[in-house]
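Taking UniProt numbering, the leading residue of the sequence shown gets 1, the next gets one more, and so forth.
Some hints here could point you the wrong way.
Stated by the list, open to error - Pairwise CB distance ranges (calculated): (1) PRO336 - ARG199: 31 to 41 Å; (2) THR83 - THR119: 52 to 62 Å; (3) GLU282 - THR119: 45 to 55 Å; (4) GLU345 - GLN20: 25 to 35 Å; (5) ASN209 - ALA134: 24 to 34 Å; (6) THR185 - ARG210: 29 to 39 Å; (7) THR119 - ARG199: 29 to 39 Å; (8) PRO189 - ALA253: 23 to 33 Å; (9) SER290 - ASP356: 16 to 26 Å.
Treat the hints as calculated values from the structure; they're not laboratory data.
Don't be surprised by glycine CBs; every beta carbon is placed ideally from N, CA and C.
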Amino acid sequence: MNTSTSTTPADAVMRQHAEQQFAEELAELARQDQRTRPENWALSPWAVVRYLMGGRLDNGFEVSPKYIGNERLMEVAVATLATDRGLLLYGVPGTAKSWVSEHLAAAISGDSTLLIQGTAGTSEEQLRYGWNYAQLLAHGPSEKALVPSPLMNAMRLGKIARVEELTRIPADVQDSLITVLSEKTLPIPELGSEVQAVRGFSVIATANNRDKGVNELSSALKRRFNTVVLPVPSSEEEEVSIVVRRVADMGRALQLPAEPPALKEVRRIVQIFRELRNGKTEDGKTQLKSPSATLSTAEVISVINNGMALAGHFGDGVLRPHDMASGLIGAIVKDPVQDAVVWNEYLEAVVKERSDWKDLYRAFRDQA
């Protein structure tokens with residue numbers, strides 16, 4: 001359930017939950033939505049996809065895009081949640097898995113906060129349920145002593161539960177999801193009872209394919225999920241569009257005292273990331289070495305936001321190459337030996353040779 005405190009003004013929160021930030025869009029979609037809704041869904045599957053992809057409604061209302069990419073992927077994801085299977089969003093870091101997961105839960109359940117963050121220390125109790133030990137010692141096992149997990153609450157309420165970084169959770173703990181996903185029930189042996197899932201319940205899990213081999217999913221658990229692979233943006237234009245939109249949103253949320261970056265600067269940073277990520281220049285003429293870093297779209301956004309903070313607080317409010325230089329080098333050079341060689345070769349062979357990138361080259365050299 002949504003646990004945001006009522007004593008904190010909404011405009012003072014650094015980052016609102018999706019259902020709060022986009023409440024107007026969700027409400028308008030609900031008003032216009034005449035299609036069939038699965039039980040306990042706030043919107044129909046069609047309206048959920050429209051919320052994610054954006055577009056103009058019949059009455060002229062404009063819905064902003066939350067995901068810029070292949071609409072069919074979102075249709076498959078939403079259709080999965082309308083069945084009895086869980087949804088696994090899979091991909092490299094920075095492909096908007098958590099972002100899509102949050103917005104799916106917000107649109108379907110009106111609540112994206114039923115979240116379990118997966119780590120190496122995540123226990124079975126955190127996934128299933130725990131106990132209030134004062135109550136347990138005083139009265140023994142009872143409903144009053146039970147501390148439900150977000151998963152249990154989602155089952156009781158017929159909502160979406162989110163599990164972030166599923167493959168970071170120990171394998172034996174992961175497998176406690178099998179009964180929940182297949183039987184839609186959560187046994188409580190200590191009470192001789194169970195929680196049965198209400199219609200509308202499902203699980204959205206995310207996993208990072210860079211974590212392959214950390215805690216592999218068992219074949220039994222894999223079968224309970226339908227996997228949707230979220231790719232990196234397919235084109236430079238698509239990636240630039242994502243970055244521009246997210247930088248603008250985050251700049252407003254963080255109240256950065258800088259102008260939105262010029263499109264030219266965004267394009268250049270995106271191009272650097274794409275070329276190093278793909279191991280070749282955009283024209284395909286020069287082969288490049290790739291660094292060990294992920295170089296995701298999320299890191300492009302971070303580099304530009306950091307630059308905007310520098311420009312706003314220590315400059316004239318206009319984002320320039322020297323504001324982004326340190327953040328960009330820091331994002332690329334994770335290994336001080338191997339990545340430094342890759343970066344210097346790119347700097348001298350590509351950046352230096354582009355006549356309209358001289359200012360970038362000087363900023364990077366000054367930083368070095």
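Hints, one by one, checked against the model:
1. PRO336 - ARG199: 31 to 41 Å: violated, 54 Å
2. THR83 - THR119: 52 to 62 Å: Between THR83 and THR119, where Cβ atoms are some 29 Å apart, the hint is violated.
3. GLU282 - THR119: 45 to 55 Å: Hint violated: Cβ distance 38 Å, outside 45 to 55 Å.
4. GLU345 - GLN20: 25 to 35 Å: The hint (25 to 35 Å, Cβ to Cβ) is violated, given that GLU345 and GLN20 are roughly 46 Å apart.
5. ASN209 - ALA134: 24 to 34 Å: violated, 43 Å
6. THR185 - ARG210: 29 to 39 Å: holds, 34 Å
7. THR119 - ARG199: 29 to 39 Å: Cβ of THR119 to Cβ of ARG199: about 31 Å, so the range 29 to 39 Å holds.
8. PRO189 - ALA253: 23 to 33 Å: violated, 45 Å
9. SER290 - ASP356: 16 to 26 Å: holds, 24 Å
The structure is inconsistent with the numbered hints 1, 2, 3, 4, 5, 8, although it conforms to all the rest.
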